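Asks: Given these sequences and hints, build the entire structure.
Spelled out from the first residue to the last, the chains are:
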Amino acid sequence: MNEIYSFFIAPFAEVPFMQRALLSAVLLSFSAAPVGVFLMLRRMSLTGDAMSHAILPGAAVGFFLFGLQIIPMTIGGLIAGILVALAAGAVSRLTTQKEDASLAAFYLISIALGVLIISMRGADDELLHILFGSVEDLTNDTLILIIIVATLTITSLAVLWRGLVAECLDPLFFRSISSLSPLVHFIFLTLVVLNLVGGFPALGSLLSVGLMILPATAARFWVTSIFKMSVLAVSFAALSSIVGLLASYHSTAPAGPAVILSLGGVYIVSLFFGKSGILQNRSTGHHHRAG
Amino acid sequence: MNEQNALTFNNLTLGYQSHPAVHHLSGKIKKGSLTAIVGANGSGKSTLLRGIMGINKPMSGSFEIDSDQTLAYLPQRAQVDQSFPASVLELVALGLWSKRGLLGRFTKEDMQTLYQAIQAVGLEGFEKRNISTLSGGQLQRALFARVIVQDANLILLDEPFSAIDTKTVSDLLSLIANWHKQGRTIIIVAHDIQLIKAHFPETLLLARDAIAWGKTKEVLTPKNLSLAQNFDENWDENAPWCETDIQKGQVS
Numbered sequence: 001m002n003e004i005y006s007f008f009i010a011p012f013a014e015v016p017f018m019q020r021a022l023l024s025a026v027l028l029s030f031s032a033a034p035v036g037v038f039l040m041l042r043r044m045s046l047t048g049d050a051m052s053h054a055i056l057p058g059a060a061v062g063f064f065l066f067g068l069q070i071i072p073m074t075i076g077g078l079i080a081g082i083l084v085a086l087a088a089g090a091v092s093r094l095t096t097q098k099e100d101a102s103l104a105a106f107y108l109i110s111i112a113l114g115v116l117i118i119s120m121r122g123a124d125d126e127l128l129h130i131l132f133g134s135v136e137d138l139t140n141d142t143l144i145l146i147i148i149v150a151t152l153t154i155t156s157l158a159v160l161w162r163g164l165v166a167e168c169l170d171p172l173f174f175r176s177i178s179s180l181s182p183l184v185h186f187i188f189l190t191l192v193v194l195n196l197v198g199g200f201p202a203l204g205s206l207l208s209v210g211l212m213i214l215p216a217t218a219a220r221f222w223v224t225s226i227f228k229m230s231v232l233a234v235s236f237a238a239l240s241s242i243v244g245l246l247a248s249y250h251s252t253a254p255a256g257p258a259v260i261l262s263l264g265g266v267y268i269v270s271l272f273f274g275k276s277g278i279l280q281n282r283s284t285g286h287h288h289r290a291g
Numbered sequence: 001m002n003e004q005n006a007l008t009f010n011n012l013t014l015g016y017q018s019h020p021a022v023h024h025l026s027g028k029i030k031k032g033s034l035t036a037i038v039g040a041n042g043s044g045k046s047t048l049l050r051g052i053m054g055i056n057k058p059m060s061g062s063f064e065i066d067s068d069q070t071l072a073y074l075p076q077r078a079q080v081d082q083s084f085p086a087s088v089l090e091l092v093a094l095g096l097w098s099k100r101g102l103l104g105r106f107t108k109e110d111m112q113t114l115y116q117a118i119q120a121v122g123l124e125g126f127e128k129r130n131i132s133t134l135s136g137g138q139l140q141r142a143l144f145a146r147v148i149v150q151d152a153n154l155i156l157l158d159e160p161f162s163a164i165d166t167k168t169v170s171d172l173l174s175l176i177a178n179w180h181k182q183g184r185t186i187i188i189v190a191h192d193i194q195l196i197k198a199h200f201p202e203t204l205l206l207a208r209d210a211i212a213w214g215k216t217k218e219v220l221t222p223k224n225l226s227l228a229q230n231f232d233e234n235w236d237e238n239a240p241w242c243e244t245d246i247q248k249g250q251v252s
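Those protein sequences? They're chains A and B, same order as listed. Going by the numbering used here, the letters in the first sequence line up with residues 1 to 291, in that order. Going by the numbering used here, the letters in the second sequence line up with residues 1 to 252, in that order.
Hints should not be assumed to be uniformly reliable.
Partner residues are not named here, just some residues of chain A that face chain B (Cβ under 7 angstroms, in silico) [what the hints assert, rightly or not]: (1) 45; (2) 46; (3) 75; (4) 163; (5) 168; (6) 169; (7) 172; (8) 175; (9) 176; (10) 177; (11) 225.
These are calculated hints, taken from the structure and not from any lab test. No experiment lies behind these values; they were computed from the predicted model shown. Ideal Cβ placement from N, Cα and C applies to all residues, glycine included.
Replies: See the structure below:
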């Protein structure tokens, strides 16, 4: 019993940085996972990935001016992310180029610029820190930032839910009944950037998108309603965060990759054993119902 | 605007990247009329409907919708993301947007409206079914239920009969006939000439420009159809600027 306590409970009960990490991860799970569900359903999973690179130069400018401090790096990341989202959207509206192509162009420029700015001031380990994050360094400021991100996201999702569903399901019809379509799209992209920035201190710019996309893609194998999908994605994200944090604490593994790999495990299991997973589809392959 | 007209086009041009898809269209849609829009692919039919709905803005000219008109729009079926995890009920419920908007709660009466509309299109019992499991015809029925829920007096339907079996076509035609009897104005993009001759009294034959517009029998003559079929849907990247616009000083 004592061993169970010391393995599962003690790290979170007795170690302050693990408490902050746990609270951050659970809050981010509630906010990033439902955003990921909509990203996936809008076939924008890779857009999320591109956006996570797009925040890098902003964070790098914050780092260049103030060093490894969370507030300036976060604000910089937020500004850069929104600018890239706006620029990619504008290019797709003003030219014949699709949004994915312009986004790819902007994120490549962003990542090169970001790495260049960081290398102008920092050492290699600081670059690694920014790219992959560090839970040990989560401060109370970071926690406040995550609380703000989660509150804003959950409130916005609750308010915009019907609009987001309409925009995904039948975008042309939505544009015919409401002028909110561009606003809903912009607020949604802002939520994506906000959650990437929220996950940035702990998971780094490369992996923060994982908390968004992996739980959503795993949940898709189990349920067919968007609300249930969001609830399941939140549960997957929160549980995997706890497992990842514990694995990292009891070993030398960095926490960010440990959390994302736990989620990767959930994805692989869902891929095979989920209701619409590979094995389920194969097991009914030679049988059929009468009608 | 004459109160007899639901819709008036004043030299309307709609298009994409300086190329017209609907070119200098003028004319009127009378209230209570049932008009088919006919033309080859790329002749501007869907663009015209999108223009009326405000999705595409005019490049020149204008149109007026009479102030007492409310609009319902059925986009082409392919526009719906059928892989999205939504039920038939949720899809049809989008038709309540003008009443309930982003945040309004659905009332008991709203739910009754939804169920009645689903029943009216022959999909009773399908309310909770995921739209990904619907056939093309069933999805089109669900989209018609959404039009019923919108309860508009000007209804725009974009290719509702494409790739649909004859039973569904006949059921949807009776719904349209019913709307017509109720005095609603209906504009419908369609391809089947025999079907249009049998069911739609007015026709606008488009080939970017209006080839003919009026009584269906007078519009769908072999000569007019041949003119419309010879329409070249390709854009000429080096096409000269439209002379009508140059005369009006819109192009320098």
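Asks: Hint by hint, note whether the structure agrees.
Replies: For each hint, the structure was consulted:
1. Look at residue 45 (chain A): its Cβ only gets to about 14 angstroms from chain B, farther than 7 angstroms, so that hint breaks.
2. A least Cβ separation of about 17 angstroms between residue 46 (chain A) and chain B goes past the 7 angstroms threshold, and the interface hint is therefore violated.
3. Evaluation of the residue 75 (chain A) hint against chain B yields a violated restraint, the C-beta minimum of about 29 angstroms exceeding 7 angstroms.
4. With 7 angstroms as the threshold, the beta carbon of residue 163 (chain A) comes within range of chain B, its nearest partner Cβ sitting at about 5 angstroms, so the hint holds.
5. A cut of 7 angstroms between beta carbons decides the hint on residue 168 (chain A): the least distance to chain B is about 5 angstroms, and the hint holds.
6. Below 7 angstroms, beta-carbon pairs count as interface contacts, and residue 169 (chain A) has one with chain B at about 5 angstroms; its hint therefore holds.
7. Hint status for residue 172 (chain A) relative to chain B: holds, with the closest Cβ pair at about 4 angstroms, below 7 angstroms.
8. Because the closest C-beta pair between residue 175 (chain A) and chain B is about 5 angstroms apart, less than 7 angstroms, the hint holds.
9. Given the 7 angstroms rule on beta carbons, the hint for residue 176 (chain A) holds: about 4 angstroms separates it from the nearest Cβ of chain B.
10. Satisfaction of the interface hint for residue 177 (chain A) is found here, the shortest Cβ-Cβ separation to chain B being roughly 5 angstroms, below the 7 angstroms cut-off.
11. Evaluation of the residue 225 (chain A) hint against chain B yields a held restraint, the C-beta minimum of about 6 angstroms falling below 7 angstroms.
Taken one by one, the earlier hints fail for this structure at numbers 1, 2, 3, listed in ascending order.
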